[in-house]
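2 protein chains.
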Amino acid sequence: MKPELKVFKIGGGIIDHESDLQGFLLLFSQVAGPKILVHGGGKGASEMMKNLGIAPKMVNGRRITDAITLDLVTMFYAGKTNKQIVAGLQRHGINALGISGADGNVIQAVTRPVREIDYGFVGDLSEASVNAELIHQFITLGLTPVFCPINHDGHGQLLNTNADTIAASVAKAMSRKYAVTLHFCFEKRGVLSDVNDENSVIPRISLADYAELKESGIITAGMLPKLDNAFDALQFGVDKVVVEHALHINDELKTMLCLN
Amino acid sequence: MKPELKVFKIGGGIIDHESDLQGFLLLFSQVAGPKILVHGGGKGASEMMKNLGIAPKMVNGRRITDAITLDLVTMFYAGKTNKQIVAGLQRHGINALGISGADGNVIQAVTRPVREIDYGFVGDLSEASVNAELIHQFITLGLTPVFCPINHDGHGQLLNTNADTIAASVAKAMSRKYAVTLHFCFEKRGVLSDVNDENSVIPRISLADYAELKESGIITAGMLPKLDNAFDALQFGVDKVVVEHALHINDELKTMLCLN
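Which chain is which? The protein sequence lines are A and B, in order.
Numbering of the first sequence is given in our numbering, commencing with residue 1 and proceeding in unit increments.
Numbering of the second sequence is given in our numbering, commencing with residue 1 and proceeding in unit increments.
Read the hints as simulated data drawn from the structure, not as lab findings.
Do not rely on the hints blindly, as some may be mistaken.
Same chains, same names: a pair is fine if it fits in one copy or spans any two.
Here are the simulated DMTMM-like pairs of lysine to aspartate or glutamate, each with C-alpha atoms no more than 25 Å apart in a straight line [as the list claims (entries may be wrong)]: (1) 43 to 66; (2) 43 to 71; (3) 50 to 71; (4) 57 to 47; (5) 50 to 66; (6) 240 to 251; (7) 50 to 118; (8) 226 to 209; (9) 43 to 124; (10) 226 to 16; (11) 226 to 4; (12) 188 to 209; (13) 226 to 252.
Work out the full structure, taking the sequences as your base and the hints as a guide.
So this is what it looks like as structure tokens:
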């Protein structure tokens with residue numbers, strides 16, 4: 001039987017509120033067994049750009065990662081946020097190791113191909129981009145890897161990447177050696193059947209349910225990429241995927257995703 | 001016989017010039033055997049403060065690391081600079097692992113005690129602060145650790161620290177397992193006998209020579225902390241200390257420091 005591994009992902013909504021972030025780190029530090037944390041960005045980089053008088057570069061309503069934006073997200077995500085999380089976990093006795101994909105070459109992304117839009121320094125990645133062996137070695141050393149959403153292309157270029165995709169790709173890659181549970185943590189108790197009712201958490205969604213929920217428009221647009229990632233992870237080896245509130249990871253109320 | 005290990009330290013003077021930094025990274029990538037890189041800061045954080053209209057906090061002419069300064073140095077040193085160096089080394093086939101002292105708890109510093117001046121979030125460290133065993137494990141995995149000058153206190157607080165001290169402390173701690181050569185790289189060919197003559201490199205300085213050179217005022221004030229660190233390292237187990245130009249590490253012209 002494979003040993004268990006828990007992969008948690010938190011996003012900007014938690015990171016932007018210091019007390020929420022600290023609350024999550026305390027709960028995360030109490031999770032038993034080997035674990036990995038993947039964190040997203042937050043508003044820091046955008047606010048810094050505003051304070052510096054730099055307008056975000058937009059093309060067709062999409063935000064572009066130009067050179068200055070890449071510098072700022074690298075500073076915030078790989079610098080301030082990642083190191084604050086690592087120091088916060090060390091405080092709770094968790095031997096966290098903060099890494100970007102460039103560190104140990106654990107994730108090698110590719111620059112997103114230019115089709116209608118040139119997204120700039122944005123990286124795409126898949127399960128095959130992840131060096132599961134080295135991550136396994138870190139875990140074997142008693143370390144808890146903490147990934148920021150900055151990767152590299154192997155040719156010296158850093159790339160901004162989506163944290164949900166990193167979490168799903170890492171979870172899939174690690175499922176070769178571990179029975180992986182992937183936890184998408186955010187500011188809701190799970191997937192809601194009524195976006196205005198916080199208590200309308202759908203406890204269990206199968207792949208067939210998901211198709212119906214999409215069809216009927218019950219699942220809102222913002223949740224779709226997250227759930228697409230989640231079901232993809234289940235189809236490629238991940239044992240369980242949970243969608244839950246970052247400050248209530250020990251509660252029963254949450255959404256379990258499953259294939260059947 | 002202990003295996004060899006080379007610890008290189010580069011400072012802001014190299015980091016602030018992109019082409020110099022890339023030149024150094026190429027040379028460093030060609031250095032044979034296990035190695036470690038420690039990098040300092042650079043002007044980025046100060047320039048960003050100026051652009052944001054924030055005046056650096058000074059007390060008695062000394063610069064203080066207040067909360068906003070700590071945020072900015074963490075962003076630059078642990079984020080932008082560290083990840084650019086790591087991605088740059090990966091490009092040359094070196095499996096670099098960028099770390100702060102908080103990562104893996106490899107260095108645990110203490111906040112500098114308040115005497116005449118409260119330096120703020122500044123950390124002091126010694127050989128005993130360094131987790132040589134984990135650094136050894138990283139090297140055994142084929143990784144090249146790249147230290148930024150940000151550490152933590154183990155209680156959740158990040159601390160700004162002097163990169164020369166990190167390099168010397170890491171070199172001393174690693175000398176229990178390795179025959180360590182410590183390379184202080186900067187923008188001169190070595191220790192100069194005439195600060196205005198770039199070719200006046202003193203090829204060899206013993207501890208007795210150093211006392212004389214200090215006495216006679218030949219060694220300038222800026223070099224003293226570096227050389228004090230260097231001789232301290234030699235006295236506590238480090239095999240060799242070299243002071244050399246970051247872009248000429250393969251040249252003969254350099255200063256070797258030795259006890260006798």
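The hints, checked one at a time:
1. In this assembly of identical chains, residue 43 and residue 66 lie within 25 Å of each other by CA distance both inside one copy and across copies; the values are 17 Å within and 22 Å between.
2. For a Cα distance limit of 25 Å, the shortest separation of residue 43 from residue 71 qualifies both inside one copy, at 15 Å, and across copies, at 15 Å.
3. Both within a single protomer and between protomers do residue 50 and residue 71 lie at most 25 Å apart by alpha-carbon distance, with minima of 14 Å and 17 Å respectively.
4. Within a single copy, residue 57 and residue 47 get their C-alpha atoms as close as 14 Å, and across copies as close as 22 Å, so both meet the 25 Å cut-off.
5. Both within a single protomer and between protomers do residue 50 and residue 66 lie at most 25 Å apart by alpha-carbon distance, with minima of 15 Å and 22 Å respectively.
6. In this assembly of identical chains, the alpha carbons of residue 240 and residue 251 lie at most 25 Å apart only when taken from the same copy (16 Å versus 57 Å across copies).
7. Taking the shortest alpha-carbon separations for residue 50 and residue 118, only the intra-copy value of 23 Å comes in at or below 25 Å, while the best inter-copy value is 32 Å.
8. Within a single copy, residue 226 and residue 209 get their C-alpha atoms as close as 16 Å, which meets the 25 Å cut-off; across copies the closest is 66 Å, which misses it.
9. With identical chains, the CA atoms of residue 43 and residue 124 are at most 25 Å apart within one copy only, with a shortest distance of 22 Å there and 32 Å across copies.
10. In this homomeric assembly, residue 226 and residue 16 come within 25 Å of each other (Cα to Cα) only inside a single copy, at 20 Å, whereas the closest approach across copies is 40 Å.
11. In this homomeric assembly, residue 226 and residue 4 come within 25 Å of each other (Cα to Cα) only inside a single copy, at 23 Å, whereas the closest approach across copies is 48 Å.
12. Proximity of residue 188 to residue 209 under the C-alpha cut-off of 25 Å is restricted to the intra-copy arrangement: shortest distance 20 Å within a copy versus 68 Å between copies.
13. With identical chains, the CA atoms of residue 226 and residue 252 are at most 25 Å apart within one copy only, with a shortest distance of 21 Å there and 57 Å across copies.
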